[in-house]
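Asks: Please model the complete structure; the sequences and the hints are all you need to start from.
As given, the protein sequences belong to chains R and H, one line each in that order.
The first sequence runs contiguously to residue 118 in our numbering.
The second sequence runs contiguously to residue 399 in our numbering.
These are computed hints drawn from the structure, not numbers from a lab.
It is possible that some hints are incorrect.
Within a straight-line C-alpha distance of at most 30 angstroms, the following computed DSSO-like cross-link-like pairs (lysine-lysine) qualify [said to hold, decoys possible]: (1) H/Lys346 with H/Lys398; (2) H/Lys346 with R/Lys57; (3) R/Lys22 with R/Lys68; (4) R/Lys22 with R/Lys57; (5) R/Lys57 with H/Lys345; (6) R/Lys57 with R/Lys68; (7) H/Lys346 with R/Lys22; (8) H/Lys398 with R/Lys43; (9) R/Lys66 with R/Lys16; (10) H/Lys359 with H/Lys346; (11) R/Lys16 with R/Lys43; (12) H/Lys386 with H/Lys345; (13) H/Lys398 with H/Lys348; (14) H/Lys359 with H/Lys386; (15) H/Lys386 with R/Lys16; (16) R/Lys43 with R/Lys66; (17) R/Lys57 with R/Lys16; (18) H/Lys348 with R/Lys66; (19) H/Lys348 with R/Lys43; (20) H/Lys359 with H/Lys348; (21) H/Lys398 with R/Lys66; (22) H/Lys345 with H/Lys398; (23) H/Lys386 with R/Lys66; (24) H/Lys386 with R/Lys68; (25) R/Lys66 with R/Lys22; (26) H/Lys346 with H/Lys386; (27) H/Lys359 with R/Lys43.
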Amino acid sequence: GAVVSQHPSWVICKSGTSVKIECRSLDFQATTMFWYRQFPKQSLMLMATSNEGSKATYEQGVEKDKFLINHASLTLSTLTVTSAHPEDSSFYICSASRASGGYEQFFGPGTRLTVL
Amino acid sequence: TQLLEQSPQFLSIQEGENLTVYCNSSSVFSSLQWYRQEPGEGPVLLVTVVTGGEVKKLKRLTFQFGDARKDSSLHITAAQPGDTGLYLCAGIYNFNKFYFGSGTKLNVKP
Chain R
3 GAVVSQHPSW VICKSGTSVK IECRSLDFQA TTMFWYRQFP KQSLMLMATS NEGSKATYEQ
63 GVEKDKFLIN HASLTLSTLT VTSAHPEDSS FYICSASRAS GGYEQFFGPG TRLTVL
Chain H
290 TQLLEQSPQF LSIQEGENLT VYCNSSSVFS SLQWYRQEPG EGPVLLVTVV TGGEVKKLKR
350 LTFQFGDARK DSSLHITAAQ PGDTGLYLCA GIYNFNKFYF GSGTKLNVKP
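Replies: Structure below.
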C-alpha cells in the first residue's frame, strides 16, 4: 500500500502557458501533501505544504501566485504552474503523508516539466 | 541556503569498497530519514532514525543518528553497482516539515 501517482509524468509546453500537475494517493488518505522541485543534479527543494481543505503554506521564495496549489480532497492535490517560463523547467515531485500521521512521506514518481 | 549539508557531493568507487556519507546541520531534528533516488524517479525511503545515538542496519547499510540529533551518517559496506544512485538525507522539523539535504551522488563501478 501507500502508492502515490503523478500525472502527467512529463510535459512540454510553450512559454506563457499554464500547466497542471496532479498528485494522487491511490490507496490511502493523505491529509498533507508536499510539493518539491528538483533541478538537475540537485536535491529536492520543498516548495509548499498542502493540507486538505485549507490554503497551502509556501516556503520562502516560492511565489504562491505562480505556483497554485489546490488540495480539494484527501486523495488529490494539484500544482498549477501559471505563465510558465523556461526557468520553471524542472522535475516536480509530490509526496503524501497518511491521515493517521507518522514520519513517513510517500513520494510520487515525479513530473518532468520542460518549458520551451 | 541548504539547511542540511551532505558530504561528499560526489563519490565514485570500485565495487567492494566501503564508503560513508555524512549529513550535517546546525539545527536539531525531530527525526531524520535517508532516501535513495534513481534518475527520473521519486525518492525511496531507506530508514528513519528517531533517537539520538540510534544505529540502524539494513543489510550492508548502517545508519547512525548523532547524539545531539543534528547529524547522521550512512555507511555502506562492500558497495555494489546496484548501490549507485543519489542518496538524500531529510531532516524532520517540528514533526511535520521535511527538508532534504544537498544529496550525495554515488557511482559504484564494477
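Asks: Given the hinted pair H/Lys346 and H/Lys386, is their Cα-Cα distance within 30 angstroms?
Replies: The given pair, whose Cα atoms are some 25 angstroms apart, holds under the 30 angstroms limit.
Asks: Hint check: R/Lys16 vs R/Lys43, CA-CA at most 30 angstroms. Holds or violated?
Replies: 24 angstroms, holds
Asks: Is R/Lys43 close enough to R/Lys66, meaning Cα to Cα at most 30 angstroms?
Replies: 25 angstroms, holds
Asks: Taking only the CA atoms, is the gap from R/Lys57 to H/Lys345 under or equal to 30 angstroms?
Replies: Outside the cut-off at roughly 37 angstroms; violated.
Asks: Need the status of pair H/Lys359, H/Lys346: alpha-carbon distance at most 30 angstroms?
Replies: 19 angstroms, holds
Asks: Taken at face value, is the distance from the CA of R/Lys68 to the CA of H/Lys386 at most 30 angstroms?
Replies: Distance ~22 angstroms between H/Lys386 and R/Lys68 Cα, so the pair holds.
Asks: Hey, H/Lys398 versus R/Lys66, does the alpha-carbon distance stay inside 30 angstroms?
Replies: Not satisfied, since the Cα-Cα distance of roughly 43 angstroms exceeds 30 angstroms.
Asks: Taking 30 angstroms as the top limit, are the C-alpha atoms of H/Lys398 and R/Lys43 close enough?
Replies: Holds, because 19 angstroms separates the two Cα atoms, which is no more than 30 angstroms.
Asks: For H/Lys398 and H/Lys348, compute the direct alpha-carbon distance and say whether it is at most 30 angstroms.
Replies: 20 angstroms, holds
Asks: Does R/Lys22 lie within 30 angstroms of H/Lys346 when you go C-alpha to C-alpha?
Replies: Answer violated: H/Lys346 to R/Lys22 is near 40 angstroms, above 30 angstroms.
Asks: Holds or violated: H/Lys346 with R/Lys57, Cα cutoff 30 angstroms?
Replies: Not satisfied, since the Cα-Cα distance of roughly 39 angstroms exceeds 30 angstroms.
Asks: Are the Cα atoms of R/Lys66 and R/Lys22 separated by 30 angstroms or less?
Replies: 14 angstroms, holds
Taken one by one, the earlier hints fail for this structure at numbers 2, 5, 7, 15, 18, 21, listed in ascending order.
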